[in-house]
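As they're listed, the protein sequences go chains E and H.
First residue of the first sequence: 1, per this note's numbering; consecutive thereafter.
First residue of the second sequence: 380, per this note's numbering; consecutive thereafter.
No wet-lab data here; the hints were simulated from the structure.
A couple of the hints might just be wrong.
Only some residues are given here: those of chain H computed to face chain E with a beta carbon under 8 Å [as the list claims (entries may be wrong)]:
# : residue
1 : Gly488
2 : Ile489
3 : Gly569
4 : Pro572
5 : Tyr595
6 : Val597
Note that CB positions come from ideal geometry on N, CA and C, so glycine has one too.
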Amino acid sequence: MANFNAPDRQMSRLGTILVAIVLVLIASLTLVVSTRAAGLPQSGETEPGTEAYCLSCHNNPNLQMTLPSGETLSLYISADKLSKSAHSPLGIECHACHTEITTYPHPKIDFTTRRELSRSYYLACQKCHEANYTKAQDSMHAKVAEAGNLDAPICTDCHGAHDVRPPDQPRAHISEICGQCHTQIFDAYKNSIHGAALIQENNPDVPVCTDCHGVHNIQDPRTQEFRVETPELCAGCHANQELMAKYGLNADVYSLYKLSWHGVDVSIYKAKWPNLWHNSAVCTDCHGTHDILATDNPASKVNPINLLVTCQQCHPDANANFTGAWTGHNQISLSRTPFVYYTDAFYSTFTPFVLWASAIYIILQILRALVARVRRSLR
Amino acid sequence: MSASKMSGSPKMNAANNAGVTGQPVASVTQNGIRTERSFKRFTLGQRWEHAVLFLSFTVLLLTGLPQKYFSSWGYRVLTSPDSVLLVRQIHHIAAIVLTLEVVYHLGRGILLLARRQLSASVFPTWQDMRDAWQMTKYLLFLSNKKPIFGKYNFEQKFTYWFLFVAIGIMVFSGFILWFPILITRFLPGGIIPAAQLAHSSEAIAAAIFVVLWHFYHVHFERLNLSIFTGRINEEDMREFHQLEYERLTGEKIADETVASTGKDPQQGGSE
């Protein structure tokens, strides 16, 4: 055994020296790093390219750099946030997105502004989320960016970057995300029947922004195409018997709207000329858009006390009587719509009776004339 | 023809312009040529009224139907919003024409009735109910006796009054739809959707009625062109308006219940 021990011991001594040299080298490297970054890496525990390796520098809250634009770019990454993100716990670490950075020193970055940097790094999202990335390229936001507005949101603006996590936890978070930029609309929405139920009760049924506007391929809602789709959009929930019954709401509002003057007009334009602007009222014209309130709310645009003003948006000369022309999404009934009720009764009973009686009379006349003619010829 | 040649009731001479008198034209048998006697049935004014009514009714129907049935087939005709507007404008112009006709007809009728220059023969009477009942029995082979009629039989009165009411509804509801804001200054808003329903339904009812009832009686039962010519021939007069024939000629047709067509109407050959 001893015979074999001697060279073995020599080898282990050589190994110790090598390790020491490596340690010295690493230590000298980290010293270089420490001249620019305050944090000292925990050598020996980390391998280049791992999250822990990156964090060894980037967990320093003071780590930052100045871009040519004069903006300060914080290079601090909170380990805590990272651990709560959707990616990190799944082992999707820094390198997955920061593909060009594997070790220190990093390749030089040549971004002039923070925004330039964001708009470059978010391209990494498509590596895994290709479908949603592609959809987003068709969105209103992408079009605005193409037209030169670099503030238009990219993936990370809504989803976050290092702290990315499912956007609907809680569900209200979705609307809050949109509200970061669309502040006025979000303020209106917050107080609407939908927004209040969402934010105060975390109601699972009320629409958040994306339910109406779409998620990644959000389109311009100010177009005629969007406008004529509005009734169907609202009908998605408001024509759902089961869902409406839950809240004591009438699920016939859509089908009755379709029979109204407005509804017929809109469906014609939708079917035949979807690109032509037309003013016939869609749901939001009367009920409001982001500020929709319950109809019994005195502030609701369709509350009887406000109805005239709402009608006057399009019919400026209308007076109070005119509001009675709107049957209020009600089925024909004697109590709610007496004029229509009697008219309908007249045309569904008396008129058909008269016409059928006339038809039978004519048939009898024809038969009698035929018989008379046959008799005459036989005479 | 001078008034002195009239064979009708002398009391009605002044009413010539009202189209009440059936002024027979002598049928003369000379040189073997027999010209048939005919009676005046409608005045020139009435014939013009019918022409205006016919034209405006047709235009209104043709421009209204593609609007009513836009989704099912109207869009094939009205291919752009501009064409809808155009058709609507034509509809409105025809509506004004029809409305003027209605106003003229009512005004003239009321004026002449008040001056006792127009016979009230178009108004329904209990006799019409009895005639209708008798006619129904006749048509059902329950009776062989066909009722005899005056200037207007109950079928013709029914045509007139059905369309009178229908056109009234169409004009009234049409103007409500055309000027909803103005109308609701005076009337409750609930009449607007009611007018919409009425305008749409009554149009179809009136169209069906004209084709079914009016066309049958004036085209198929017999070709009756008196509203265009203004005259009715003696044969039709005897068969369909026996009482009027007797009133105008002073003759009595033998009480054959079914007017005999085989009889040579020579009794009216001279005046």
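To see whether the hints hold, each was checked on the structure:
Given the 8 Å rule on beta carbons, the hint for glycine 488/H is violated: about 24 Å separates it from the nearest Cβ of chain E. Violation of the interface hint for isoleucine 489/H is found here, the shortest Cβ-Cβ separation to chain E being roughly 26 Å, above the 8 Å cut-off. The restraint placing glycine 569/H at the interface with chain E holds, with a minimum CB-CB distance near 4 Å, inside the 8 Å limit. For proline 572/H, the interface hint holds, since its Cβ comes within 8 Å of a Cβ in chain E; the closest pair sits about 5 Å apart.
Restraint check, tyrosine 595/H versus chain E: the minimum CB separation of about 5 Å is within 8 Å; hint holds. Interface hint status for valine 597/H: violated, as the beta-carbon distance to the closest one in chain E is roughly 12 Å, over 8 Å.
Comparing the model with each earlier hint shows violations of hints 1, 2, 6; every other hint is respected.
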